[in-house]
Structures are given as structure tokens and as C-alpha cells.
Amino acid sequence: MQVVAMKIYEMTALELRDAIIRGEYKVEEVVSAFLERIEKDPLNCYITVVKEQALEEARKKDKEIKEYTPDKVPPLFGVPIAVKDNISTKGIRTTCASRMLENYVPVFDATVVELLKQAGAIIVGKTNMDEFAMGSTNETSYFGPVLNPWDRSRVPGGSSGGSAATVAARQVPLALGTDTGGSIRAPASYCGIVGLKPTYGMVSRYGLIAYADSLEQIGPMARTVEDLALLFDVIERYDPRDSTSVPPKFRPSTGRHLQELRTIFPEEISGLRMALISELMSEGIESEVSHSIMRSVEIFEKYDIMVDEISIPELRYALPAYYIIAMAEASSNLARYDGIRYGFSSGAPGKFYDVIAENRRLGFGEEVRRRILLGTFVLSAGYYGQYYLKALKVRRLIKEALDRAFKSFDILISPTMPILPPKLGERIKDPLTLYLMDLCTVPANLAGVPALSIPCAFVNGLPVGMQLMAPPFHEDVLFKAAYIFQKETRLYEMSPPV
Amino acid sequence: MSVGPETVRHIAKLARVKVEEEEVAKFSEQFSRILEFFNELDKIDVSNVEPMYHVIPLENVLREDKPSQPLDVEDALKNAPERKDKYFKAPPII
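Residue numbers (this note's numbering), protein chains in the order written: chain A, 232 to 729; chain B, 645 to 738.
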């Protein structure tokens with residue numbers, strides 16, 4: 232059957248891999264097609280592009296392919312991928328979008344990067360982000376903001392803004408992001424793609440440059456749910472080098488999420504119990520956003536699912552608890568940057584601690600310094616109990632409240648972001664208004680549960696994301712629900728004007 | 645609670661981040677408002693609640709006491725702004 236040739240850059244990762252296996256395209260052709268798009272990028276998605284390296288790798292793959300029988304070809308063979316710039320890549324500059332690490336070149340690969348390489352993926356570059364992942368709009372980057380592909384006067388969401396925008400703009404089919412308080416889901420929502428924050432401990436954090444250890448996870452970003460599951464299957468592995476990695480016995484579907492999607496039964500879907508979270512549908516949520524979510528959940532009725540509503544009052548305290556914990560952990564994690572062993576050195580004369588303090592003043596941007604200082608404050612003598620310890624107690628209450636909710640429901644639904652993508656400069660002026668944007672996303676990080684954002688509507692040409700949360704280790708349920716939702720809405724076919 | 649300029653200077657010292665004088669006033673105003681937002685937590689009763697440091701139960705991970713290949717000295721020094729021989733060069737401490 233002869234079909235009209237689809238443009239390479241419009242293809243999904245699964246389609247690309249199949250086309251490569253069938254011999255329709257050489258890996259080099261595929262990689263070149265995407266690199267060409269990246270070279271013309273008007274959105275500032277990348278901090279570093281590794282063109283020559285990617286092309287060389289592609290040519291190697293074209294020779295290698297003969298060694299595989301079609302059923303033994305690695306899962307991401309020849310598929311280009313972008314990696315957020317806080318994930319260590321051996322020999323490729325990894326900056327965290329900070330002046331502090333502007334020239335830092337890791338001497339080892341993060342575990343996820345090793346896994347990508349084993350799976351045959353080809354890394355094309357390192358994506359722009361909020362500095363040290365601290366921000367929700369991608370405006371704190373030392374390398375300038377990423378622009379929203381749907382409207383370049385607006386923010387793409389953050390902190391994984393480059394990863395989301397580059398996938399949405401068809402510059403690459405897949406990307407890795409990281410999510411500490413919504414940093415995968417927020418930009419996925421604002422750029423109109425799918426993103427998953429996995430259960431805490433499912434994906435190794437070895438080689439991830441830490442911001443807030445107890446909250447963050449690396450996760451997949453893609454245009455379709457199938458591609459999302461494909462990438463998750465590659466990176467979701469037990470890793471003895473990460474002491475918080477979840478042992479294999481708790482990973483029921485390891486490596487099989489995609490396969491399970493393909494053999495899905497309608498009965499599996501109609502049995503799912505879903506509820507909207509009242510607290511995340513009212514105060515602080517723009518009415519266009521909540522209306523979009525209300526209309527979207529009606530789609531599940533086709534599968535005989537009546538979406539209920541549940542009130543979880545504890546969620547009102549999620550934002551302050553989250554910011555106290557995240558800042559406290561940040562102040563501790565970022566204490567390592569002294570500009571002596573690696574990182575920005577001011578060259579200022581003076582004594583040890585004065586030089587370090589000067590390196591840190593000039594090496595870190597304003598938001599990073601703000602969080603280090605506030606984190607230091609909430610951990611300092613006299614305030615530790617009032618702020619940090621209290622936040623940890625509230626964290627338990629939130630976790631327990633969600634556990635209770637998950638006794639009655641398999642999936643909890645809310646908007647991903649409380650407002651439509653704001654204009655550049657609109658929210659960044661006042662840190663507090665910036666923090667309020669994370670209202671719906673932080674509960675999943677505090678409780679360690681998986682959460683997925685999927686495009687559900689467009690309002691004035693801007694995408695709206697719907698968030699699905701499930702109990703720990705139940706990514707499979709999220710994929711299934713998102714898959715049928717995608718099948719009914721087909722919003723992944725929408726292409727931004729890039 | 646309000647965070648005065650003295651407090652900002654004190655925590656900047658603890659955090660080893662130099663703060664310029666003109667920034668002290670700005671941070672002091674912002675920190676006061678952010679802490680007010682944190683004080684929302686005073687409205688929830690947490691007596692008899694244990695703090696939660698990690699969401700998944702962590703077990704001690706043990707391994708055999710076998711040496712593995714450490715980072716190569718040249719690799720470790722690769723990103724150092726200043727070095728001398730096989731060492732990082734640091735500013736004088738006293």
C-alpha cells in the first residue's frame with residue numbers, strides 16, 4: 232500500500248522506529264530531519280545541540296542495524312531524543328541553565344542516559360530550563376526564556392520548558408524532563424503534549440543534578456501516550472546507585488507498559504473509578520480552565536465511567552508545605568557549589584569563605600539565591616520546628632489524605648495548571664504569584680504518587696492540560712486512561728505554528 | 645512575621661551567598677510576604693503527627709565491602725577552575 236509520505240518530523244517515536252526497521256529511512260536521514268528543525272528553532276529550546284555527535288551516532292546505527300533480527304531491535308533504535316540540561320551527560324556540557332555550571336562537563340552519564348543509549352536512542356541536545364529547575368515559567372534560565380510554541384509572547388511552563396517546547400514544535404519526538412513540583416506536567420500542559428511524573432523511586436536519580444531529592448523524579452515527555460509509555464519502559468529500572476530506587480518486587484509492569492496498552496480491554500477501562508478534586512476546581516482556578524476539565528471528563532462517560540467529585544481539604548496546605556521542603560532541600564543540595572572544585576569562579580581575591588560567597592552571588596541567579604536563603608532560614612535554629620518540621624508533618628497528612636482518596640478512586644483528576652499560559656514577564660516579577668502556579672501539581676510530589684498531564688482542550692488557541700493522579704506504582708492505570716482519552720480527542724494531531 | 649534586613653544579612657552569611665545592600669531591602673520585603681504564606685500551616689493541627697521525610701519506606705542498602713574503580717584523578721580535576729599538580733587550588737583559609 233502506497234501512502235502519501237509523512238514528513239519525518241511529524242512521526243512519533245514508534246512510527247520512526249518501525250520505519251527504520253522496515254528500511255524506509257536511514258537513521259541518519261531521521262536524525263538530520265530533526266536537527267534541521269532544531270537549527271531553525273525560534274523558541275530557544277536548547278542550551279547545547281550536539282549535531283556532529285548525533286550524526287556520527289546515526290551513521291553507526293545504520294551500520295549496526297544488520298546485526299539485529301527485526302524483533303530484537305532495541306526499543307528506541309535510531310530515535311532522536313532531547314535531554315533536560317540538569318541530567319548528566321558524559322562529555323556533553325550540563326549547565327542546569329545556570330552561570331554556575333556554564334562550562335561544566337560531566338565525566339559520567341546519569342543512569343537514565345545510559346539506559347537511553349542501551350535502548351538505541353540518539354541524544355540530539357540538552358534542553359533549556361529554569362535555573363536549577365527552580366521556576367514554573369522557564370524565565371529563570373541564565374540562557375534566556377523558552378517561548379511557548381503556540382504563542383511566542385507567552386511562557387512555555389517550567390521548569391522543563393525546553394523539553395516540552397521542542398517536542399511540541401516537532402523538533403524531536405521524545406524528551407526527558409524532571410519534576411520536583413510540576414516541572415514536567417506544567418510545560419507539558421502549556422505546550423500541548425503529554426508528560427509523566429513517575430512514582431517516587433521508579434526512575435533512578437543517579438546523575439540528576441539535585442534540587443530537592445525527596446520530591447523529584449525524572450520522567451518522559453512525548454506527543455502521544457504510546458510514545459510516553461515507550462520511553463517510560465526504557466527508563467524505569469531499579470538502580471543500586473540511587474539509594475531511593477524502588478526494588479524490582481514493587482514494579483509489576485516493568486518494561487511492559489506499552490505492551491499492556493496495546494492489549495487493553497474495554498472492561499479494564501469501564502471499571503475505573505474516577506473523581507475530580509473539588510479543591511483544585513474552584514478557588515484559584517481560571518474559569519476557562521475548570522470548564523475545559525468539566526467538559527473533558529464527560530468523554531469518559533462513553534466508557535461507562537461516571538466521574539465523581541471528592542473533597543480533600545488537606546490539599547489547601549500543599550503549596551506552603553511544598554515550598555518549605557523544596558527550599559530547605561535546595562539550600563542543602565546547592566551548598567556544594569563553591570566555585571573551587573568545579574563551577575563558576577569569580578576570580579575575586581580574598582579569604583576562603585568570602586570568595587565562595589562571591590562565587591555564589593555571581594554564579595546563581597536571583598530565584599536560586601532566594602530559595603537558598605529561604606531554605607537556610609527555615610532550617611535555621613529557632614525556625615526549624617515552626618517551618619521545616621511542621622511542613623514535614625503536613626506532608627504526612629497530605630499523603631494520608633490521598634491514600635484515603637485512593638481507597639475510593641483509581642484516578643483523581645484536576646487541571647494541571649490553574650491558569651492559561653501567562654505572558655512572558657507577567658508572573659516572574661513577584662515570586663509568590665509564581666509559586667501559586669504550582670497549586671495542582673505539588674500534591675503528587677509531596678505524596679510521591681504518579682501524575683500525568685494530557686492535553687484536553689484549546690482555549691483562545693492555547694492548550695489546556697488535564698492532570699490524572701493514581702496511587703503509587705500505578706502508572707499503568709494512568710497510561711490506560713490517558714490512552715482512551717487521547718483516542719477520543721486526538722489533540723496530538725494539533726500542530727503549533729512553528 | 646517580618647524579616648528585617650539584619651535577618652537577611654544573617655542568613656546570607658549562613659548560606660555563604662553574598663547579598664548586595666540594595667538587594668537586602670528587596671529580599672526582606674519578599675521574605676516577609678513568603679513567610680506569611682508559609683504561616684498558613686498554622687491553621688492545620690499537626691500535634692501527634694510524625695514528620696514524613698520520605699514517601700516510600702526506605703531500607704538500608706548493603707553491599708559487599710569490595711573496592712570499585714574510583715573516579716580518575718584527572719577526571720575529578722577536569723572541571724576545576726584552578727588546580728595545582730593533583731590538587732584543587734583553594735583561596736587561603738586564614
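Misleading hints may appear alongside valid ones.
[Unchecked claim] Simulated restraints, written as ranges between beta carbons of each label pair: (1) B/GLU673 - A/ASP585: 56 to 66 Å; (2) B/GLU694 - A/TYR584: 32 to 42 Å; (3) B/LYS657 - A/GLY502: 17 to 27 Å; (4) A/GLU260 - B/LYS733: 15 to 25 Å; (5) A/ARG504 - B/LEU658: 40 to 50 Å.
[Stated by the list, open to error] Calculated lysine-lysine pairs in the DSSO-like style (CA-CA distance at most 27 Å, straight line): (6) A/LYS582 - B/LYS710; (7) A/LYS654 - B/LYS670; (8) B/LYS728 - A/LYS582.
[To be verified] Okay, the calculated bits of chain A under chain B, using three or more residues with CB under 8 Å as the criterion: (9) 465-471; (10) 632-641.
What the hints contain is simulated information worked out from the structure, not anything from laboratory work. C-beta: ideal position from N, C-alpha, C; glycine also.
Okay, the hints, checked on the actual structure:
1. B/GLU673 - A/ASP585: 56 to 66 Å: For A/ASP585 against B/GLU673, whose Cβ atoms are near 26 Å apart, the range 56 to 66 Å is violated.
2. B/GLU694 - A/TYR584: 32 to 42 Å: At roughly 37 Å between Cβ atoms, A/TYR584 and B/GLU694 fall inside 32 to 42 Å, so the hint holds.
3. B/LYS657 - A/GLY502: 17 to 27 Å: With a Cβ separation near 59 Å, B/LYS657 and A/GLY502 fall outside 17 to 27 Å, so the hint is violated.
4. A/GLU260 - B/LYS733: 15 to 25 Å: Violated - the Cβ-Cβ distance for A/GLU260 and B/LYS733, about 49 Å, lies outside 15 to 25 Å.
5. A/ARG504 - B/LEU658: 40 to 50 Å: holds, 49 Å
6. A/LYS582 - B/LYS710: Measuring from Cα to Cα gives roughly 40 Å; hence the hint is violated.
7. A/LYS654 - B/LYS670: holds, 24 Å
8. B/LYS728 - A/LYS582: holds, 18 Å
9. 465-471: violated (count 1)
10. 632-641: Violated: only 0 residues of the segment 632-641 of chain A have a Cβ under 8 Å from chain B.
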